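Enquirer: Produce the entire structure from the sequences given, and follow the hints as far as they go.
From first to last, the protein sequence lines stand for chains D and A.
Taking full-length UniProt numbering, the leading residue of the first sequence gets 1, the next gets one more, and so forth.
Taking full-length UniProt numbering, the leading residue of the second sequence gets 1, the next gets one more, and so forth.
One or more hints might be untrue.
[What the hints assert, rightly or not] Quick look at which bits of chain A chain D covers, simulated, 3 or more residues with Cβ under 8 Å:
1. 109 to 115
2. 124 to 134
[As the list claims (entries may be wrong)] Lysine-lysine pairs mimicking DSS-like chemistry, simulated, CA-CA at most 30 Å apart:
3. A/Lys138 - A/Lys74
4. A/Lys74 - A/Lys131
5. A/Lys138 - D/Lys102
6. A/Lys140 - D/Lys102
[Unchecked claim] Simulated restraints, written as ranges between beta carbons of each label pair:
7. D/Val66 - A/Asp135: 21 to 27 Å
8. D/Arg69 - A/Glu157: 51 to 57 Å
9. D/Ser107 - A/Arg147: 30 to 36 Å
10. A/Thr39 - D/Val66: 24 to 30 Å
Note that these hints are calculated values from the structure, not bench results.
Treat the numbers as computed from the prediction; the structure is a model and nothing was measured.
Beta carbons are placed, not taken as given, at the ideal position from N, Cα and C, and that holds for glycine.
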Amino acid sequence: MSQMEKAAPPNPCSAPTGSRFGPPLSDGGELPFDLMLDVLLRVPGKDLCRLRAVCRRWRAATTDSVFVREHAARHGVQIFLANLRNDDAHVHVVDISGAVVKRINVSAAHRLLSARASTWPASPTGRTAVACSTRRLVRSCPGLRCRGREE
Amino acid sequence: MAAPESGDGNNGAARMVTLISSDNTRFEVEAAAASLSQTLQLTILDGGGGGGDGIPLPNVDSATLSKVLEYCIKHAPAAANGGAPNATAVDRAELERFDNEFVNIDQSVLYSLIMAAHNLEIEGLQSLVAKKVADMIKGKSPMEIRRTLGFPDPTPEEQAEMNAHMLEYGWAYE
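Expert: Set out below in structure tokens:
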């Protein structure tokens with residue numbers, strides 16, 4: 001294994017300049033996109049929702065139904081409580097594709113969460129229910145924190 | 001690791017094969033280790049790679065191949081046990097320690113590795129590296145991710161979209 005230190009790696013933080021694998025993809029750094037998808041499948045749901053902002057291609061890919069299904073197969077169905085579009089009247093239950101599964105009015109959501117914060121919402125598989133409150137919800141519901149399955 | 005003439009014993013416990021990197025370096029390894037690659041396994045089962053022949057790997061340079069083989073050699077015994085159902089806890093812990101150390105490398109090397117693992121169909125290695133890259137992404141802001149992965153700076157239009165998304169999904173940033 002004496003050849004190991006042969007190639008001096010380029011600075012990983014620099015803009016891609018093309019590599020021995022051909023020109024970089026504009027949206028995928030130097031990694032071919034199908035391999036990047038394989039990476040994204042391993043990212044847990046909440047991180048995934050955040051990194052949709054990274055670029056259009058990631059956004060399109062990670063909201064695709066095939067991707068969402070495959071992600072669910074790995075991580076279990078993940079559901080988030082969110083406050084979307086500055087809608088003060090409702091709390092939204094969204095899946096990882098960003099689709100709103102249900103809208104609950106805020107006071108009902110508060111009651112529900114205060115009563116059953118530790119058990120709700122349960123996913124069909126019982127594996128990974130993830131509830132994430134909005135900042136607003138956290139403020140008005142002391143003790144309520146994002147909880148999710150840490151990997 | 002250069003292999004002028006490899007052993008060609010067909011029935012020996014340690015049949016050797018020769019792999020040739022894109023930059024023409026020859027690597028001699030046990031067939032069992034090289035067979036972690038689904039791609040190579042077929043060739044090896046057909047009797048390829050022995051003697052002076054060698055299997056050319058035009059997509060993998062020597063630095064990457066050396067690293068790939070380091071992984072294969074380490075994982076070959078466990079793979080031979082069919083995913084290591086018999087492995088002791090100590091063995092498993094040792095492999096895990098090796099894996100953690102193994103991917104603690106520069107990002108460009110990780111990228112080369114994952115592409116080689118993909119080309120050579122070494123599932124365990126591809127999975128290991130993909131998980132490492134996923135770990136690099138976790139917990140970072142979109143801009144940090146772009147920088148980490150070497151994306152070009154966003155155009156004003158892209159920046160506006162990023163901001164809009166972050167506003168919409170503010171809860172995911174808490």
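Enquirer: So which hints don't hold here, by number, going up?
Expert: Per hint list: 8 and 9 violated.
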